[in-house]
Amino acid sequence: MMHTFSRRRFLQLAGMASAASVLPQAFGAAPAARVVVVGGGFGGATVAKYLRMWGGDIEVTLVDPNLSHIACILSNLVVTGALTMDRITLGYNALNVNHGVKMRHGRVIAIDYERGTVSLDNGPREPYDHLVLSPGIDFIPPPEGPWDPNVTPHAWQAGPQTLLLKKQLASMRDRDTFVMTVPKSPYRCPPGPYERACVVADYLKRKKLIFAKVVVLDANPSIQAEPLAFTEAFNFIYKGMIEYVPNATVLAVNSQTRSIQTSAGDWSNVRVLNYIPNQRAAAVGPPDSPDRGWPVLNSQGFVPVNPLTYGVSKYPNVHVIGDACAVPASEGKAVPKSGHMANAEAKVCADAILRSLNGESPDSNITTNSACFSPITSTTASWLSANFNYGDIYDGVGKVKGKGMHRVDLGEAPRTNGDNYQDMFTWAEGLFADSFA
Amino acid sequence: MSLKTISPRFLIPVGLALAASQGAQAAPPAGQVLASQCAQCHGTNGNGPGFDEVAGKSASELQKDLLEMKRRPVEGIMDRQARGYTDAQIKLIADYLAAHSGSNLDK
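Quick mapping for you: the protein sequence lines, in order, are chains E and S.
Numbers 565 to 1001, taken from this note's numbering, label the letters of the first sequence in order.
Numbers 55 to 161, taken from this note's numbering, label the letters of the second sequence in order.
These are calculated hints, taken from the structure and not from any lab test.
Treat the hints with care, since some could be wrong.
As the list claims (entries may be wrong) - A few chain S residues that don't get close to chain E, going by computed Cβ distances all over 10 Å:
(1) Gln94
(2) Gln117
(3) Lys118
(4) Glu129
(5) Ile131
What the hints assert, rightly or not - The calculated lysine-lysine pairs, modelled on DSS-like cross-linking and capped at a C-alpha distance of 30 Å, are:
(6) E:Lys769 - E:Lys878
(7) S:Lys111 - E:Lys967
(8) E:Lys878 - E:Lys803
(9) E:Lys666 - E:Lys730
(10) S:Lys124 - S:Lys111
(11) E:Lys771 - S:Lys118
(12) E:Lys897 - E:Lys748
(13) E:Lys748 - E:Lys731
(14) E:Lys731 - E:Lys666
(15) E:Lys963 - S:Lys111
(16) S:Lys145 - S:Lys118
(17) S:Lys124 - E:Lys777
(18) E:Lys897 - S:Lys111
(19) E:Lys803 - E:Lys769
(20) E:Lys965 - S:Lys118
(21) E:Lys666 - E:Lys748
(22) E:Lys803 - E:Lys771
(23) E:Lys777 - E:Lys878
What the hints assert, rightly or not - Computed footprint of chain S on chain E, listed as stretches where at least three residues anywhere in the stretch have a Cβ under 8 Å from a Cβ of chain S:
(24) 817–828
(25) 947–956
The C-beta atom is built at its ideal place from N, Cα and C for all residues, glycine as well.
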């Protein structure tokens, strides 16, 4: 089919385009548009892939300091030894080979939103027409320390932290206590902390450490996701082993003595202190820069975005996706922060960028979804499903407060079982491939 | 030379040149973003890896399956997911996937 289109005609057209300043230089020398993506997690990888897949000659550069991404998804199973690190280690090579995404391994040190450039700790600046920021989360230190995550790991960013917690869990003996915290919402992966409590308790049971305890100090008033599955797990499956403490606001953490003070009581000299701190959007500028390098932040430290484009109000060509962004949503029906949701947002964002480059308005017939599986024991799992549709969003008393992503459906597995446990791996395989391959 | 052996890199600039203004390419097909939300679990363009591949099913089959899942009591996760879409969105998704799965021009 293609050979009916002559090379001569092709060059004529390219020439026309050039004259019309569509292509500022001869064909092949300059791309139609440059998009720089910062952060190679699920959001960044997916937006880079889909921009190239849908956008053809768009030049896409993905910036991340690491040579591969270590997924938080399934990482609780690395903590218990059920899986090894290689299972959650996702390389960037396929994005480059299959999709032509350019990789740039460096750390962002500054962004000039006015000029449209990203400065890295190595090599030249990256100029952009559109910028997508998907840097994930930073941790808010406890009110009082001394806190050192290299002594008391959070393991809420997978990697060395995961292995440190694994090692500490393996050191537990009977009658020891594993104390963990659930951060104040919003935080990364709402079911994650409860899932961790379950798989840690399961590990201890299987090791016959039947007098060991898991204490879950929740900064929130109740279980934040899959309440059916986790309430059943805490009250029945792990009865007497998991102690769930709601409304536990952290006041002080001492990593050296593995002690924690909360509004619901103090725990001192525990065997493992898995303090998962409260979270905010990861910094994209030097620590001393205003708002940690962001053009705008909400009171919780996340970046408010347009729900159709993920653009920020001051700079519509700057987009924020994944855990760092705050999507307008109905009261009490927040869009969860998760790898699956970051992938969902990335596709909406990629489409909006391509439409914008084409002079079109964004598609408003959009949904995003979250679907995930949580292990409850070493052989069973539950699942969670949520869908968000673009349209009116509501305040606490049901009054329309604007436009955003309204949660139209939410539910969890009617029961936890072994089929769900197997499905969990199918789900992860699919999500890993759709994002990184 | 078949279409498959031609890199999209060479195809797109033609579209670009033809476009009147800023020009990336033609408007994306209807349902593209909606249907892309299936890919997290069913693979890019519905081609796997993941749960039951959508590739190879006709639009009417896909639409029928999704509407059935939407209306029956919740057992599996898809019974929930299907509830997250209007019937009109389900039709758009089915039409898009039937037309676009089974191929991946980018590879």
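Sort out whether Lys769 of chain E lies within 30 Å of Lys803 of chain E, counting only the CA atoms. Judged against 30 Å, a Cα distance of about 12 Å means the pair holds.
Between Lys803 of chain E and Lys771 of chain E, is the straight-line Cα distance small enough, at 30 Å or below? holds (17 Å)
Satisfaction of hint between Lys111 of chain S and Lys124 of chain S, Cα-Cα up to 30 Å: holds (18 Å)
Starting from Lys897 of chain E, check that the Cα of Lys111 of chain S is at most 30 Å away, please. violated (34 Å)
Given the proposed pairing of Lys731 of chain E with Lys666 of chain E, does the C-alpha separation stay at or below 30 Å? violated (36 Å)
Is it correct that the beta-carbon of Ile131 of chain S has no partner in chain E closer than or equal to 10 Å? violated (5 Å)
Restraint status (C-alpha distance of Lys878 of chain E to Lys803 of chain E at most 30 Å): Given pair Lys878 of chain E, Lys803 of chain E is violated - Cα atoms ~52 Å apart, limit 30 Å.
Restraint status (C-alpha distance of Lys145 of chain S to Lys118 of chain S at most 30 Å): holds (9 Å)
Annotated coverage of the stretch 817–828 of chain E by chain S, confirmed only when three residues or more have a Cβ within 8 Å: violated (count 0)
Could you grab the alpha-carbon distance between Lys124 of chain S and Lys777 of chain E and see if it respects the 30 Å cut-off? Violated. Lys124 of chain S to Lys777 of chain E sits at ~42 Å, over the 30 Å cutoff.
10 Å Cβ clearance of Gln94 of chain S from chain E: violated (5 Å)
Is it the case that Lys118 of chain S keeps its Cβ farther than 10 Å from each residue Cβ in chain E? Fine: 20 Å to the nearest Cβ keeps Lys118 of chain S off the interface.
Consistency with the previously given hints fails for numbers 1, 4, 5, 6, 7, 8, 9, 11, 14, 15, 17, 18, 20, 21, 23 and 24, ordered from lowest to highest.
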